[in-house]
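K.L.:
These are the residues of each chain, in order.
Number of protein chains: 2
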Amino acid sequence: MGLLKQRILDEGKVLPGNILKVGSFLNHQIDTELVFEMGKEIVRVFGHKNITRVLTVESSGIPIAFMAAHFLKVPMVFAKKSKSKNISEDVYSVEVPSFTHKNVNTVIVSKNYITKDDNVLLVDDFLANGCALLGLNELVKQAGATTAGAAVAIEKGFQDGGKKVREAGIDLHSLAIIARMDDEHVYFAD
Amino acid sequence: MGLLKQRILDEGKVLPGNILKVGSFLNHQIDTELVFEMGKEIVRVFGHKNITRVLTVESSGIPIAFMAAHFLKVPMVFAKKSKSKNISEDVYSVEVPSFTHKNVNTVIVSKNYITKDDNVLLVDDFLANGCALLGLNELVKQAGATTAGAAVAIEKGFQDGGKKVREAGIDLHSLAIIARMDDEHVYFAD
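Those sequence lines, one after another, are chains A and B.
First residue of the first sequence? That's 1 in the working numbering, and the numbers climb one at a time after it.
First residue of the second sequence? That's 1 in the working numbering, and the numbers climb one at a time after it.
Just so you know, not all the hints are guaranteed correct.
Note that the list lumps identical chains together, so a pair holds whenever it fits in one copy or between two copies.
[To be verified] No more than 20 Å apart at the CA atoms, straight line, and that leaves these computed lysine to any residue pairs for SDA-like: (1) Lys-5 - Ala-179; (2) Lys-40 - Lys-73; (3) Lys-111 - Ala-143; (4) Lys-13 - Asp-90; (5) Lys-21 - Glu-58; (6) Lys-141 - Ile-8; (7) Lys-73 - Phe-36; (8) Lys-81 - Asn-105.
Simulated from the structure, these hints should not be mistaken for lab results.
Kindly generate the complete structure, drawing on both the sequences and the hints.
P.N.:
In structure tokens form, the structure reads like this:
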């Protein structure tokens, strides 16, 4: 998706440890117009798949998942990273290691909001080691539902997450795939 | 806002400890159409105030803040609840107690995304004891910026947050104000 790639080139900052900062438009400050276009692109790719729910995990994927769900005309659900008093005990849960934060989160979703009849599109902002998407896929499996596919904004193609997600049989579409990064530049896969 | 109040009456569940569950449409599963209408209503109230940025804190306020920012045609910023490796040291920060989770979070926002020239609209899903909004207001003060006002979806009028926020001189607008709740019913203030 050219619009996203151009913003990454214009505003992305590469930090040590293969961290790409896109906080000026994607995951700290949000350009809502860009996210609208990302939602439209996700629906262009997945719109024919009879998706019934969009699932992400808090927090950075929420705006993208929200717009994808809006254009698909289905509910958006965000899984939560720890047990809240507001969530009933009646949840699906999975342990998900975080690449960014170097910790492990328990990710939960209410059993009310994914059912066995659902055909779920997974959405996230970044795909690095794949743990978040594979964790969401596990929640879908626990519900007896089907994963229709996964849409991510930025795939770090030089890490193994994309390979793992595709090998899990998930129809993955990344709006921008980064082949490599150095201190000066971001190089896209295509 | 009638549409929101009706959904609270139809789907809200009151739990012990004055907890109102609205996870079926507002803060776990999201009805994007409803949130679009909430964004429009927020802009109807605050659209004349020359707002330059919308600020919320992750996670539940993000969809509402996103739509308010979209219709105001300004960037949305979400403050984060703990230090991420993706955030530079160059942040404003404040300690915010959580009513729901009974803990204290360090809430941070990059100095890049609130500047002294900003006129900021604060947005959140719930207003109970006011700590989240007052924390966001403190971040705005640290930046030397101005708080244009605060918009929340649901104010628990029987707690003192609304009073504290208004006494802090913040122009507060709540889309639904709950006067009281019991096991069976939610009663609105008007």
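K.L.:
Next, verify each hint and record whether it holds.
P.N.:
Do the hints match the structure? See the list:
Taking CA atoms no more than 20 Å apart as the test, Lys-5 paired with Ala-179 passes inside one copy only; the shortest distance there is 12 Å, against 49 Å between copies. Taking identical chains as interchangeable, the C-alpha atoms of Lys-40 and Lys-73 lie at most 20 Å apart whether they share a chain (12 Å) or sit on different chains (18 Å). In the homo-oligomer, the alpha carbons of Lys-111 and Ala-143 lie at most 20 Å apart inside one protomer (7 Å), although the nearest pairing across protomers, at 42 Å, exceeds that limit. Taking the shortest alpha-carbon separations for Lys-13 and Asp-90, only the inter-copy value of 15 Å comes in at or below 20 Å, while the best intra-copy value is 41 Å.
When the C-alpha separation of Lys-21 and Glu-58 is checked against a cutoff of 20 Å, the pair qualifies both within a copy, at 18 Å, and between copies, at 18 Å. In this assembly of identical chains, Lys-141 and Ile-8 lie within 20 Å of each other by CA distance neither inside one copy nor across copies; the values are 34 Å within and 30 Å between. Taking identical chains as interchangeable, the C-alpha atoms of Lys-73 and Phe-36 lie at most 20 Å apart whether they share a chain (14 Å) or sit on different chains (12 Å). With identical chains, the CA atoms of Lys-81 and Asn-105 are at most 20 Å apart both within one copy (6 Å) and between copies (14 Å).
In summary, the structure is inconsistent with hint 6 from the numbered list given earlier, while agreeing with all the others.
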